[in-house]
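Protein chains in written order, with our numbering: chain A, 2 to 472; chain B, 81 to 352.
Calculated directly from the structure, the hints in this document are not laboratory data.
One should not assume that every hint holds.
Claimed, not checked - In silico contact screen, one side only, chain A against chain B (beta carbon under 10 Å); selected entries:
1. 422
2. 430
3. 437
C-beta atoms are modelled at their ideal positions from N, C-alpha and C, and glycine is treated no differently.
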Amino acid sequence: MAATDVIVNDETGVGEINKYDFRTETHSVFKARKGLDEDIVRQISALKNEPKWMLDFRLHALKVFFSKPMPKWGGEINLDFQDIYYYIKPTEQQGRTWDDVPAEIKDTFEKLGIPEAERKYLSGVKAQFESEVIYGSLKEDLAEKGVIFTDTDTAVREYPELLREHFGKIIPTEDNKFAALNSAVWSGGSFIYVPKGVKIDFPLQAYFRINEENMGQFERTLIIVDEGAQVHYVEGCTAPMYTSESLHSAVVEVIVKRNGRCRYTTIQNWANNIYNLVTKRAYAYGDAVMEWVDGNLGSQLTMKYPAVHMMEPGARGEILSIAFANKGQHQDAGAKLVHQAPNTTGQIISKSISKNGGRASYRGLARVEKGAVGSKCSVVCDALILDDASRSDTYPYIEVLEQDVSIGHEASVSRIGEEQLFYLTSRGMSEAEASTMIVNGFIEPLVKELPMEYAVELNRLIQLQMEGSVG
Amino acid sequence: MSETLEIIDLFVEVEGKPILRGVTLTIRRGETHALMGPNGSGKSTLGLVLMGHPKYTVTSGDILLNGQSILEASPDERARAGLFLAFQRPVAIPGVKMADFLRHAATNVRNPERKEGEDLMPMKEFRQELRAKMAQLKMDPDFARRYVNDGFSGGEMKRAEILQLAMLQPKFAILDETDSGLDADAVRLASQSIAEIGGAKMGLLIITHHDKLLEHNPPQYTHVIMGGRIVETGGRELADELHRNGYQRVRDEHPEAAAMNDTNTKPEAVTA
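Just chain A, with the same shape it has in the complex:
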């Protein structure tokens, strides 16, 4: 199919400026009927030729999902679970080169800039379209060093022991309703293993694309960073805008062993009809460092609180969270730090912006377990509200079960001030340009932590959100 089959969506009136908002005409290989029950789960498992243990894992998770009530906190979830496609297989098999990928899907990712980024600065790429990873690459020298970067379905077949040792151990099925849902119907996602002492210089990137209306995407990611190893994993996600809701519910588990280092960066830019309900948790062992950089700009409702459990002395957890809530959006984002061993260090920095009636909430936990003496934990959350219609809330939970620890919490809420706007406009900036400048300044301390390419991307997305901000 040719590039002309990609339809720019202008129903939303933003088709011209939002390069992510386009639909791809595809011919999926297999599309399960809408709805969720045991048959669907069995069908997904059978299509993937899974071992019995995985089918059992899924069926158990389905029961847990149905048995758990909807969360009564966070955002409002008005979702009909029977009106969603739980599995769509877009292609027969995963491509090893972009030429192996069907033209219309390749074109989709070209538009999103993935092959170009891959050529310029990435160590490897996974591209997921609907339920399956349709393209995967990894630099040869890394493969030779024993690095594994594959989709999780392949890992079930090819690395069963390594996968089973950790799969569902960091985030058990029973953890929450949406972790259970993912466990029942998961498909795709990344499986990464970085062997002892191997340091990967350039990021590994995964890109998730939802194309179909009423789609549910449930990727499952597991990252194991062995002793002294190092990796930066980046994920991006987009979808076209539809009038009815779609669901994205991922589970991400990360293990960073002694002296290892993992940075996990997310730039979430889902369309504003998507519920983004994700569970992310990492275990960091002795002197290991785990960093989450979590940017939430899209979705209708996001509920996501990346966690670091510091399991052994010297472990370090850092979470940077950026949320932008525009019209019709609720970003219930945050972070969790759990100090389970002595002399561990944790830091949360959260910056949220709300605009045009958007709602941004910070929800976070800082917990020091008994025995975690000498631990340090610092939480800073700042909110910027751009107009009177918008809202910001802070829900910080602090649980300290040990003496001799250091806990810091600071929070601020500010509005774009008339004096700041006047100062900038008196220097020739239009009001819109001045607002954008103030917002970019607000998140600058976080953006400067990102590699240049992602900092540019994030600034561009903020720019997009700010366009037309002044009536």
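Since the structure of chain A is already known, use the hints to place chain B on it.
Only chain B this time, still in chain A's reference frame:
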């Protein structure tokens, strides 16, 4: 034809309280005017209203830039038309680097038709110019990497304002107490700097309590504002006299304006 900034019988209120009560003043490009007056006389208000601060309402009168009324123009349109206000108390913009801010400002002022998102002036050209201007003002190059007015000392803020004046080269500039909070040496440096960056080519309205800032920028005219009206206009010698003797003589000669001024400075009044 000389360029002019004309203030015609201007009445201004803030939150319903009258502050300016009929100010008339014409500045030609190339002239320097000193504006002096006691606290609460309306000096800063005049600067802010010329720049288009949304809090101030013009109830009658007009402001003309080269014959065109700018009352309806937004602050950015006024800046692009060649007007500049050096703030008495500039606000901080955390996270925005001086260099980025100046590059946006300079681009917009030099290319008044520019829309948001269109190209900025070339980085190389901008950097060279900024470096040269900062060297001229004896400023540390690191200054360009700091966030706008964030954590600046009083002196640094005033120097940052002068740097902006140097980069933007406006047709008309109002300097609102660019000497306040500075020690004698710093004021002398500021005065020198304004002269060096070509202050004499602009039309300058220098609002000040002292004569030090005027040292290198001798005014052709000195105006005394009291109770929201210009009550006296003279030459350089008037500035010297006021600096030496204060405002008592002027108060005695204009009891009505003095009484009005006292009303403005009562605790419940808005300070102007």
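Results of checking the hints against the structure:
1. Taking 10 Å as the C-beta cut-off, the interface hint given for residue 422 of chain A holds, the closest approach to chain B being about 9 Å.
2. Interface restraint check for residue 430 of chain A: the shortest CB-CB distance to chain B comes to about 6 Å, inside 10 Å, so the restraint holds.
3. A hinted interface residue such as residue 437 of chain A counts as satisfied when its beta carbon comes closer than 10 Å to some beta carbon of chain B; here the least separation is about 7 Å, so the hint holds.
The structure meets every hint from the earlier list without exception.
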